[in-house]
Amino acid sequence: MNKGEKHRAPRSIAIYVHIPFCLHKCGYCDFNSYALDTLLEKDHAGQDWAASYTDVVIQEIAGRCANLSLSGRPVESVFFGGGTPSLFPVEETARILDTIRRSFTPSASTEITLEANPGASDVERFAALREAGFNRLSIGVQSFDDETLRRLDRIHTGDDARAAFRSARQAGFSNVSLDLMFGIPFQSPEQAKTDIESALVLAPEHLSAYELTIEPGTHFGALHSRGELAGLPNEETALAMWEMRDRLLSEAGYERYEISNFARPGYCCRHNLNYWKRGEYLGIGAGAHSLIGDRRFWNHARPDVYAKEAKDPAAGEENITNKRKALGESLMLGLRLREGVSLREVSERCGTDPEEKYGELFFNLEKKGLLERSNGNIRLTHRGTLLANRILAEFL
Amino acid sequence: MGGGGFTDRSRPPDRAVLTVNLQKIRNFSIIAHIDHGKSTLADRILEITGALSAREMSSQVLDSMALEQERGITIKAASVRLTYRAADGGDYIFNLIDTPGHVDFHYEVSRSLTACEGALLIIDATQGIQAQTLANAYLALEQDLVIIPVINKIDLPSADPDRVITQVEEVLGLGGEECLMVSAKEGVGVAELLEAIVERVPPPQGDPEAPTRALIIDSWFDSYQGAVPLVRVFEGCIRKGDLVKFMSTRSEHQILDVGMFTPHPAELGVLGPGEVGFLTAAIRDVSDTKVGDTVTLTRSPAETPIPGFQEPKAMVFSGLYAADSGDFENLRSALDKLQLNDSAFTFEPETSGALGFGFRCGFLGLLHMDIIRERLEREFDLTLIFTAPTVVYRVVLNDGFVEEIESPARLPDLSRVDHIEEPFILGTILVPSEYVGAIMKLTQEKRGVQRSMEYLDPQTVQLVYELPFSEILFDFYDKLKSITRGYASFDYEHLTFRTSDVVKLDILLNEQPVDAFSTIIHKEKAYYYGRALTGRMRKLIPRQMFEVIIQAAVGNRVIARETIKALRKDVTAKCYGGDITRKRKLLEKQKEGKKRMKNIGTVEVPQEAFMAVLDVGREVS
Chain A
4 MNKGEKHRAP RSIAIYVHIP FCLHKCGYCD FNSYALDTLL EKDHAGQDWA
54 ASYTDVVIQE IAGRCANLSL SGRPVESVFF GGGTPSLFPV EETARILDTI
104 RRSFTPSAST EITLEANPGA SDVERFAALR EAGFNRLSIG VQSFDDETLR
154 RLDRIHTGDD ARAAFRSARQ AGFSNVSLDL MFGIPFQSPE QAKTDIESAL
204 VLAPEHLSAY ELTIEPGTHF GALHSRGELA GLPNEETALA MWEMRDRLLS
254 EAGYERYEIS NFARPGYCCR HNLNYWKRGE YLGIGAGAHS LIGDRRFWNH
304 ARPDVYAKEA KDPAAGEENI TNKRKALGES LMLGLRLREG VSLREVSERC
354 GTDPEEKYGE LFFNLEKKGL LERSNGNIRL THRGTLLANR ILAEFL
Chain B
77 MGGGGFTDRS RPPDRAVLTV NLQKIRNFSI IAHIDHGKST LADRILEITG
127 ALSAREMSSQ VLDSMALEQE RGITIKAASV RLTYRAADGG DYIFNLIDTP
177 GHVDFHYEVS RSLTACEGAL LIIDATQGIQ AQTLANAYLA LEQDLVIIPV
227 INKIDLPSAD PDRVITQVEE VLGLGGEECL MVSAKEGVGV AELLEAIVER
277 VPPPQGDPEA PTRALIIDSW FDSYQGAVPL VRVFEGCIRK GDLVKFMSTR
327 SEHQILDVGM FTPHPAELGV LGPGEVGFLT AAIRDVSDTK VGDTVTLTRS
377 PAETPIPGFQ EPKAMVFSGL YAADSGDFEN LRSALDKLQL NDSAFTFEPE
427 TSGALGFGFR CGFLGLLHMD IIRERLEREF DLTLIFTAPT VVYRVVLNDG
477 FVEEIESPAR LPDLSRVDHI EEPFILGTIL VPSEYVGAIM KLTQEKRGVQ
527 RSMEYLDPQT VQLVYELPFS EILFDFYDKL KSITRGYASF DYEHLTFRTS
577 DVVKLDILLN EQPVDAFSTI IHKEKAYYYG RALTGRMRKL IPRQMFEVII
627 QAAVGNRVIA RETIKALRKD VTAKCYGGDI TRKRKLLEKQ KEGKKRMKNI
677 GTVEVPQEAF MAVLDVGREV S
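Top line first, the protein sequences correspond to chains A and B. Just so we're aligned, residue 4 is where the first sequence starts under our numbering, counting upward by one. Just so we're aligned, residue 77 is where the second sequence starts under our numbering, counting upward by one.
Hint data in this document are derived by calculation from the structure and do not stem from the laboratory. No residue lacks a Cβ here, since even glycine has one placed at the ideal position from N, Cα and C. You may find that some hints are simply not true.
Unchecked claim - Between beta-carbon pairs, the in silico distance windows are:
id: 1; chain 1: A; residue 1: Glu246; chain 2: B; residue 2: Asn406; range: 29 to 37 Å
id: 2; chain 1: A; residue 1: Glu246; chain 2: B; residue 2: Arg672; range: 27 to 35 Å
id: 3; chain 1: B; residue 1: Glu668; chain 2: A; residue 2: Lys28; range: 28 to 36 Å
id: 4; chain 1: A; residue 1: Glu342; chain 2: B; residue 2: Gly677; range: 30 to 38 Å
id: 5; chain 1: A; residue 1: Ala69; chain 2: B; residue 2: Gly677; range: 57 to 65 Å
id: 6; chain 1: A; residue 1: Asp249; chain 2: B; residue 2: Arg454; range: 48 to 56 Å
Throw the hints in and build the complete structure from the sequences for me.
Rendered as structure tokens:
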């Protein structure tokens with residue numbers, strides 16, 4: 004280690020913990036999650052499944068810290084995702100968070116989020132989580148319309164979602180995010196609008212509003228590939244929903260800071276921003292992905308296999324030492340953000356000048372009204388955002 | 077073919093002596109309509125003469141190229157020298173000279189037949205005389221060959237040899253009693269056939285002391301021996317060590333080896349009159365060894381060549397481009413290699429605004445083009461874009477000058493053009509009489525003019541049509557087969573150029589003409605063609621970030637128009653830490669797909685759209 008590095012403060016990282024358990028697997032969901040009842044029958048009869056999983060997670064944290072020399076690194080954000088982390092016993096959740104606190108160096112301002120589903124969300128549980136140190140909740144509402152929720156295979160109602168939000172507030176959470184979905188089969192534009200309005204009534208600090216994506220490997224994906232998924236909106240209707248979403252949220256004082264994410268000033272999700280800015284992150288738990296230095300690696304997705312390998316649970320790894328690949332990823336992720344990408348920053352981080360590599364492409368995209376450039380910064384225009392895949396593919 | 081390594085180079089170069097008695101040589105070809113059993117009979121002859129052991133008999137030895145075996149047709153002649161002990165106790169040398177079996181190769185067939193004194197005319201006992209039976213028989217008669225009619229497949233239940241005998245008598249004017257009854261598959265009648273060859277095919281004649289004249293009947297490229305011509309000597313001799321001259325190209329070469337396939341390559345040392353064999357002379361270029369050319373000796377040359385030589389002339393042209401423009405040099409070297417073995421195939425560099433650098437390639441016909449395409453894709457692993465094939469048009473300018481154009485792009489400005497002429501062919505169709513109506517309808521659609529109609533027997537009609545060559549380019553043969561349930565057969569020869577009302581049809585993408593899609597077409601068909609092609613392209617060109625307008629135009633007049641609406645949304649709603657690798661790979665895949673497209677102006681056009689020109693040609697023509 005040379006002198007210069009010795010005195011530089013180590014960069015902060017983000018920590019993600021994956022809790023891959025749900026009460027029920029929804030038809031559209033392609034996250035790494037398992038319905039708890041089948042899991043309980045299969046593996047852990049008689050054992051405390053949550054405690055076992057927690058033990059493995061804690062073991063992994065220790066292993067990663069040692070192997071990757073991460074001990075004591077500053078932590079900007081912690082995110083418990085799933086699955087349904089709110090389903091996990093609070094004491095086990097707290098045990099994991101405590102381990103993270105001891106192993107790394109969080110600050111008072113570290114953003115600590117937990118994903119919750121309206122089904123498993125009472126005031127007591129939320130209060131206990133608040134007590135354990137969580138300061139942000141992200142509630143998977145998806146819709147407030149019971150019929151639409153049934154179509155999505157969700158096991159809660161619109162009223163459950165409202166109740167969960169109120170519980171969060173009562174438990175003292177002052178930073179709450181809601182997840183909404185639109186473009187759902189048979190959803191009318193009016194209903195999509197009502198969903199947004201219902202969310203606005205609750206006045207969350209943050210909103211994620213996604214168009215439903217039909218993912219391969221899901222129940223919806225199987226139906227879709229057989230041509231049996233009826234009622235999906237056509238391009239025109241879906242576009243109208245995007246426009247409606249942007250307009251309503253903007254009028255209500257939310258800023259769209261990413262393709263599908265909105266926040267009131269000061270409440271952008273720092274954890275996710277770190278992904279889009281291609282910062283370092285450590286993913287703990289079954290199927291979790293990490294990016295540390297120029298290594299991207301991921302754990303085995305199945306909890307039982309993951310548990311067996313917990314000391315070194317890598318299921319896969321790729322090295323992104325290739326500067327061009329790193330640059331491509333930086334643009335692919337960064338251009339999702341409304342603020343775009345600072346070319347100087349990317350150039351410094353990736354060791355290669357994007358202007359040199361893509362100058363002509365930037366120019367052409369700008370000419371076509373898909374990209375904006377100002378003061379060494381590039382970002383997608385409104386039209387460019389809707390065609391992001393076409394544009395981002397150019398950088399890979 | 078060829079196969080190096082059999083020459084014993086330690087042997088002193090003393091003068092080889094002629095040992096072969098002319099009276100014991102029989103030179104013959106097997107000619108037949110496709111699938112009438114030519115290759116099977118050749119195999120049987122090889123087997124019976126003991127040229128190949130049973131172990132060596134792979135099915136259909138003569139069709140050596142894989143492609144030929146697959147298509148069941150012989151593309152390059154492969155000939156063998158066999159020894160046969162006849163019933164009279166004499167040992168005979170049989171030179172079995174193979175002929176290519178498709179209409180595109182008329183000239184090559186005629187040269188092979190020139191090398192023979194006799195021909196076995198195979199006729200399928202179940203099908204009778206077909207168009208190529210006739211065409212081949214006429215070629216053989218023109219060369220004054222003795223024809224031995226062989227009625228094959230007599231073992232099949234549907235065989236009707238009596239009907240075929242009647243056809244042979246009435247259509248070909250040969251004696252019915254001359255017909256041999258054979259089942260090449262079962263080996264029936266083959267022994268009698270061999271005897272008939274000895275008895276009926278006359279021995280060759282020729283003065284071994286006269287100035288040497290040998291006809292090139294085939295040539296190929298061997299990576300060790302260079303271009304290797306196969307010749308039939310008519311007069312004089314060719315010996316190892318001789319300095320020879322090819323009369324059309326005037327190139328001179330020293331003979332290193334004289335040999336023949338038995339079918340294993342065997343050194344002969346000398347070829348005398350009536351003999352057939354190959355010459356190796358370290359000839360670099362197969363274009364020096366042109367089929368039909370005459371080989372003579374430098375020191376005492378013949379005064380005149382053997383008549384009938386023609387420069388190979390490509391009749392069908394197409395632009396050929398590597399789908400990946402980075403493959404341009406690979407394509408060039410592949411074309412170079414193919415041309416080594418096929419001097420009838422021509423290519424020259426061409427530039428297309430749409431497709432970049434490529435080649436304008438000339439072929440004898442569409443089958444020839446298909447063969448080249450398959451070989452390029454199979455042997456050289458290239459993904460190719462062929463533009464619509466075109467015939468050669470003669471453009472007569474106002475000042476009387478004539479330009480022959482092989483590409484729609486080269487059509488001069490119409491204000492300078494007095495008129496345009498297109499090539500016509502004379503097509504012969506043989507068909508069961510009940511399909512005459514259907515044939516008449518088809519030929520009318522193809523702008524054909526009937527020249528004659530003749531009953532060969534009560535069931536079989538011979539129809540002769542003058543047809544524009546361009547009309548049989550795409551699918552004439554397929555359509556003919558389908559409307560006659562496979563019973564019609566077809567053969568053609570090139571006729572002449574005639575004035576024709578053709579126009580150039582252009583395709584425009586976002587107002588920009590795309591040269592690769594241009595075509596020359598008869599005025600009456602332009603509208604349907606333009607509509608069908610724009611319609612097909614609308615389906616093949618994916619939606620883009622901007623609206624794409626596809627137009628078909630003749631001159632300034634737009635005759636068809638289609639619109640592809642702009643894509644307005646292609647965005648991944650979610651992307652988080654765990655998704656990045658997967659999402660990146662999805663986008664990379666998307667980009668790969670894009671790479672396979674050609675950028676024409678701002679429009680990305682998939683390769684299939686270029687191929688559509690061929691399909692639409694098939695539908696409309």
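Now for the hints, and whether the structure bears them out:
| no. | hint | result |
| --- | --- | --- |
| 1 | Glu246/A / Asn406/B: 29 to 37 Å | violated (49 Å) |
| 2 | Glu246/A / Arg672/B: 27 to 35 Å | holds (34 Å) |
| 3 | Glu668/B / Lys28/A: 28 to 36 Å | holds (32 Å) |
| 4 | Glu342/A / Gly677/B: 30 to 38 Å | holds (33 Å) |
| 5 | Ala69/A / Gly677/B: 57 to 65 Å | holds (58 Å) |
| 6 | Asp249/A / Arg454/B: 48 to 56 Å | holds (53 Å) |
In this structure, the one hint that does not hold is number 1.
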